[in-house]
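**Student:** Here's the letter readout for the chains.
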Amino acid sequence: QKEVEQNSGPLSVPEGAIASLNCTYSDRGSQSFFWYRQYSGKSPELIMSIYSNGDKEDGRFTAQLNKASQYVSLLIRDSQPSDSATYLCAVLSGAGSYQLTFGKGTKLSVIP
Amino acid sequence: DAMVIQNPRYQVTQFGKPVTLSCSQTLNHNVMYWYQQKSSQAPKLLFHYYDKDFNNEADTPDNFQSRRPNTSFCFLDIRSPGLGDAAMYLCATSPQRYQETQYFGPGTRLLVL
Chain A
-11 QKEVEQNSGP LSVPEGAIAS LNCTYSDRGS QSFFWYRQYS GKSPELIMSI YSNGDKEDGR
49 FTAQLNKASQ YVSLLIRDSQ PSDSATYLCA VLSGAGSYQL TFGKGTKLSV IP
Chain B
52 DAMVIQNPRY QVTQFGKPVT LSCSQTLNHN VMYWYQQKSS QAPKLLFHYY DKDFNNEADT
112 PDNFQSRRPN TSFCFLDIRS PGLGDAAMYL CATSPQRYQE TQYFGPGTRL LVL
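The listed protein sequences derive, respectively, from chains A and B. For the first sequence, the positions run -11 to 100 when our numbering is used. For the second sequence, the positions run 52 to 164 when our numbering is used.
Chain A extracted, bound-state conformation (with noise of 0.2 Å):
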């Protein structure tokens, strides 16, 4: 069963600080992580991708990968209001799986 673990949060920060999201993952042979936001109501929207060791940088928002340890993290610098939303970590299995698996989410709250 493979399996991708997030705290649930809510996770609060307060508006220009530093958010930071977690994320570890069961399938040791998983090749591919995704980071989607999600606000109340909506579809999961992309945020960002990430397929080798290290970080990944896209304007505010960091991913970080380390295969090794099984686990995936995205920053938020300078958060803001806008930004609260449920974060989702989605991993797809290498050697010819589909299918992504989701963490449940966490929910991330900007206090002004």
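Careful, some of the hints might be misleading.
As the list claims (entries may be wrong) - The calculated lysine to aspartate or glutamate pairs, modelled on EDC-like cross-linking and capped at a C-alpha distance of 16 Å, are: (1) A:Lys(-10) with B:Asp110; (2) A:Lys95 with A:Asp71; (3) A:Lys95 with A:Asp15; (4) B:Lys95 with A:Glu(-9); (5) B:Lys68 with B:Asp128; (6) A:Lys55 with A:Asp43; (7) B:Lys89 with B:Asp136; (8) B:Lys68 with B:Asp110; (9) B:Lys103 with B:Asp113; (10) A:Lys(-10) with B:Glu108; (11) B:Lys95 with A:Glu(-7); (12) A:Lys55 with A:Glu(-9).
What the hints assert, rightly or not - Cβ-to-Cβ under 7 Å is the rule here; a few derived chain A residues that face chain B: (13) Ser28; (14) Ser31; (15) Pro32; (16) Tyr86; (17) Phe90.
These aren't lab readings, by the way, just hints derived from the structure by calculation. Glycine included, every Cβ here is placed at the ideal spot set by N, Cα and C.
Given the coordinates of chain A, work out where chain B should sit on it, guided by the hints.
**Tutor:** For chain B alone, coordinates are given in the frame of chain A:
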């Protein structure tokens, strides 16, 4: 803009009354997926089409069916909705089946009375 469109955005049906949800895409992607997401839960894959090839997840109830008449459209049919089927239904697409980002439509929220 290329996109994934779902209709209707909200659907109310009665217990046991068949309902059809629609998804269309202008991205010309080969793969279309249907997910079910209940409150505070992760999206759960129901099935997907790779071109015309239908792939059902092992734990998807028989009550759920799907059709893909052409590349652009995919339908989710719920033959006899139960109260437990109330959820957000998400359609997603990807260019190919493996190692590819999935793009989600806005979702259809289904309410069963």
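**Student:** Each hint should be assessed against the structure and marked as holding or not.
**Tutor:** Do the hints match the structure? See the list:
| no. | hint | result |
| --- | --- | --- |
| 1 | A:Lys(-10) with B:Asp110 | holds, 15 Å |
| 2 | A:Lys95 with A:Asp71 | holds, 10 Å |
| 3 | A:Lys95 with A:Asp15 | violated, 24 Å |
| 4 | B:Lys95 with A:Glu(-9) | holds, 12 Å |
| 5 | B:Lys68 with B:Asp128 | holds, 11 Å |
| 6 | A:Lys55 with A:Asp43 | holds, 12 Å |
| 7 | B:Lys89 with B:Asp136 | holds, 9 Å |
| 8 | B:Lys68 with B:Asp110 | violated, 22 Å |
| 9 | B:Lys103 with B:Asp113 | violated, 19 Å |
| 10 | A:Lys(-10) with B:Glu108 | holds, 14 Å |
| 11 | B:Lys95 with A:Glu(-7) | holds, 15 Å |
| 12 | A:Lys55 with A:Glu(-9) | holds, 15 Å |
| 13 | Ser28 | violated, 10 Å |
| 14 | Ser31 | holds, 4 Å |
| 15 | Pro32 | holds, 5 Å |
| 16 | Tyr86 | holds, 4 Å |
| 17 | Phe90 | holds, 4 Å |
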